[in-house]
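*Asks:* The lines below spell out each chain.
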Amino acid sequence: MLKDITFGQFFESSSPIHRMDPRSKILLLILNIIFLFLTKNVFSLIIPAVLTIVIIIISGVPVKMFIKNIKTILPIIIFTTLINLFYGSAGTVLIAFWHFTITTSGVMRAVYMASRIILLILQSSVLTYTTTPNDITDGIESLLSFLKVFGLGTAVHMLAMMMTIALRFIPTLVEETEKIMSAQKARGADLENGKLFDRIRALIPVLIPLLISSVRRAYELAEAMECRCYNGGVGRVRMKQMKYSLLDLWAAVVCVAFSGGVIALNILL
Amino acid sequence: MDSLIKLNNVDFSYGEDKNFILNNLNLEIERGSFTVVLGRNGSGKSTLAKLMNGLCKPSNDDGVVIVDGIDTKNEKTEIEIRRRVGMVFQNPDNQLVATIVEEDVAFGPENLGLTPQETRKRVDDALKAVGMYRYRKSTPHHLSGGQKQRVAIAGIIAMRPECLILDEPTAMLDPEGRDDVLDIITKFNREDGMTIVLITHFMEEAQFADRVILMSDGEIIKDGKPEEIFSDIKTLEDIGLDVPQTTGLLYKLKEKGIDITTDAISVEETAAKISAALHLEEN
Amino acid sequence: MSNIIEVKNLCYSYDGDAQIVKDAVHNVSFTVKSGEIIGIIGHTGSGKSTLIQHLNGLLKPASGEIIIDGKNIWDEPKKIKDIRFKVGLVFQYPEYQLFEETVFADIAFGPKNMGISGVDLTKRVEDICDIVGIKKEYLYVSPFDLSGGEKRRVAIAGVMAMQPKVLILDEPIAGLDPEGRKEILKMISKYREQFDATVIIVSHNMEDMAVLADRLIVMNEGNLHMYDTVYNVFTKSEELEGIGLSVPLVTKVLTSLKKKNSGIRTDIFTTDDAVEYLCSIAAGGRYA
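Protein chains in written order, with this note's numbering: chain G, 188 to 456; chain Z, 793 to 1075; chain D, -8 to 279.
Simulated from the structure, these hints should not be mistaken for laboratory data.
Some hints could be false.
[To be verified] Lysine-lysine pairs mimicking BS3-like chemistry, simulated, CA-CA at most 27 Å apart:
id, chain 1, residue 1, chain 2, residue 2
1, Z, K868, Z, K849
2, Z, K1046, D, K251
3, Z, K1014, D, K173
4, Z, K1044, D, K177
Could you build all of it, start to finish, from the sequences and the hints given here?
*Replies:* As structure tokens, this is what we get:
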């Protein structure tokens, strides 16, 4: 739920994956996704699949939590599968009706596409289950810090600050929205029924107070930040310094090895 | 007198507005003192607070605010003033920046460019000082109003300011949260010698101060020791201030012709005064 | 007098969200007679706000019944909106819910939702403003141009304009200065006189409760700890302190005096009564 965005999907544990530096987790996720897309067919997908299973086991996060995530995007998976099922024209025709034919290559392709999406979701879930949104933000800021060279340092800092403040204030604003909705309902506002247009109109008594209060909050927060010597991040030194450890090296070695496997299979198959 | 903050002939109005919120204000805040500024909403007391740390600047050219020898009008030394004079506001929610308590407290020291080790130490010290150390890994959203306000205070204390200005810090808190916050700031003054300026419209919050300033319509109308201010309840009521029920009781007894003074706030002091005036003591 | 509110074995808990579990309500039963003023006191998180949101059907009981005016409000869930016109609820800091362009439009929002329009609507809004003392010239200014205390009055008038038989207010005077507080309290008592309404006030302020309420509901950890007259609640100061609440300050002063002189009464809860009592002692009267 939005209210609990601070910890997001974070699953408390002290597994090796949890203990990794957020930066290496993000980088290795990107690497894994790239190689996931470099696989040529369903057979070379075996390598990323094995890697994903290994990561999930090491992470110590219950499998049912991963299944839950897959379920939420099930419609997308089904849609992609169906589209691809009818796409292939080569191979033996399995079923043909009206304008549609399903061929063996179509089936292979459908399985391949669906598995790829599932693996993508599983790998990303490992990141969000083992890393707090806060750490992810810090990781992104640190990874993007090379942009300083192009004079974009402030932009990167602003982006990270915006993400942090959003994470901080979303629960507050959700709670406030609920409060305002209750208050307007107590005045007989009907927020649940009616035609689409009526329902949008019915939101005005909620949105206007919310907007006014957000502006007030933003103004007060800016003043408070100024009072705490904030001047746009110049000369700011973070308390929590991220450090790569041996663990990150091992993780990198494993991921690179699996990536090599993908290349090898691509050549062989 | 060793004054930390000095205001000379300060006028203040927002924008081009000729309606002055503050009018020719002169004030000195002594190092290590505990000053309470009392006034109702709109009396200019919040603006006074913002003038003291440079968030607002005098509107008139000859109006000056000097903090520890630095003129607040100079933009280059703004940071120097803010690290000396910390400020806590009314709504604790709108002061917290980070999603984790300890990271929020670290925000100030981080901005000052301190080493991570030094920041860590200051964060831990500050959280212990406000009694929130065991919540360091929590998220502010899961804390009560009083706890959030204590975290906000820790965030300022971690910058090790000489002076703490609090602008109605208890107005949105329940009685429990209010007592906690007042205990903490009194402790900072008594034990660490920190200069405190507490801005409020609750008269009972002035009982721990060594100086009380009454504000009304942008002007200082009285300035003195708590006893002096509290012995004149009529002025307090006239400018629309909250008088605690204890002091109010003494005032009404006095009006009824009983020979009693009104300079008491706590239950015990009040009882002692009544007991003496009515000769209630047995034996 | 008939019972306007009957709450029977009300239970409610917020499932899932572990953080607000504290605000649950366990097996609460009580009745309120028509025309009474009831105060609800209790710690933050004692279940006060959960309780009042049940009385106008904003929350649905997990078990138990809410009977308003002899009718179980959840008998016809589709008509739950109508209950909100019968039981008006003013939330804490109601001024933050203002949204219309003019004071008039904002006050008219509730009555409009009741289906009132045209001349009737104008009359309703003007009537309530007359009763609670909002000046006519304010009706067509933006509510956002008003002072804090004035905004609060407009927001409360917005609920009053629905002319509910029961008016519930959550901390209606929190954050206001004495002037603003007086205005709000005056407005509530005027409304009550005019419409013979039942009033329920949630507050931390024991001093105000002593002056205002007929009976007090004391909530503690989701349970109805006490429900009795102001006298009977505030004479149990030790029990109240046991659950972190307190008696009015004047009562504390008298209790402190009693330590010096055992003849002093401690069953006085308002400044005026205390002044009268102490003056009678000063005049040589007897203590009791």
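*Asks:* Evaluate each hint against the coordinates.
*Replies:* Quick rundown of the hints versus the structure:
1. Z:K868 to Z:K849: Distance of about 14 Å is within 27 Å: holds.
2. Z:K1046 to D:K251: Between Z:K1046 and D:K251 the Cα gap is close to 21 Å, so the pair holds against 27 Å.
3. Z:K1014 to D:K173: holds (25 Å)
4. Z:K1044 to D:K177: Holds, at about 22 Å.
The structure agrees with every numbered hint stated previously.
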